[in-house]
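Engineer: When you get a sec, could you build the whole thing from the sequences and use the hints?
Taking this note's numbering, I'd label the letters of the sequence shown as residues 1 to 194.
Derived from the structure by calculation, the hints contain no laboratory data. Here the structure is a predicted model, which is why all the values come from computation and not from measurement. Don't be surprised by glycine CBs; every beta carbon is placed ideally from N, CA and C. Certain hints may be false.
Label pairs and their computed distance ranges (CB to CB) [said to hold, decoys possible]:
(1) G140 x A97: 32 to 40 Å
(2) Y171 x A46: 20 to 28 Å
(3) P69 x L155: 31 to 39 Å
(4) G136 x P11: 13 to 21 Å
(5) V182 x G61: 24 to 32 Å
(6) L42 x P154: 14 to 22 Å
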Amino acid sequence: MSDGKTRWLTPGVGAVGAASFFSDAGHEVTTSVLPAFLTGTLGASAAALGVIDGVSDALIGAMKLIGGPLANDPHRRARSASGGYLGTAVATGAIGAAATVWQVGALRAIAWMFRGLRSPARDALLASLSPTSAHGRAFGLERAGDNLGAVAGPLLAAGLVAWVGVRPALYLAAIPGLLAAVAIIVAARESRRR
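Structural biologist: See below:
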């Protein structure tokens, strides 16, 4: 079969799209609830949220620089991707247990470091799972999953806060992230079989 006729929508490509959906939904729950948690529950100022987000965003960029070389090695790529998704989920869910503003900042920073580390690995994994002629479709599917997660996350956050409250909603934000880690493991296994 020529490269143009090779099937591109494999279970691995679909799993990467699902991982992006679940992961984004999970961390968007936390992003949506975090201002109320910091200001209402912990009594922090709005400036604290700005500092936490600023530091976390800076770390995500730095970790992408570190994650890039790791993503070039197929064995490290799978571990970086799955570990990155798992680490993001655990650190994001642990924010619910924070008792101080600095703990929230540290956990958010750790979650975003894992998020930065996994991004190059996920992209390299996706490229290895799809034929060159279908990279645009495969990456489009992954981005669509991410964007749908960005819509689902705040809606889920609103429902969770109304149902169980702010702190439990933060704990429950780990569940979609854990589903993302499972999905990326499925993709990594398919990649190893190629």
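Engineer: Decide, hint by hint, whether the structure agrees.
Structural biologist: Against the structure, the hints:
no., hint, in the structure
1, G140 x A97: 32 to 40 Å, "holds, 37 Å"
2, Y171 x A46: 20 to 28 Å, "holds, 24 Å"
3, P69 x L155: 31 to 39 Å, "holds, 37 Å"
4, G136 x P11: 13 to 21 Å, "holds, 20 Å"
5, V182 x G61: 24 to 32 Å, "holds, 27 Å"
6, L42 x P154: 14 to 22 Å, "holds, 21 Å"
Comparing the model with each numbered hint stated earlier shows that all of them hold.
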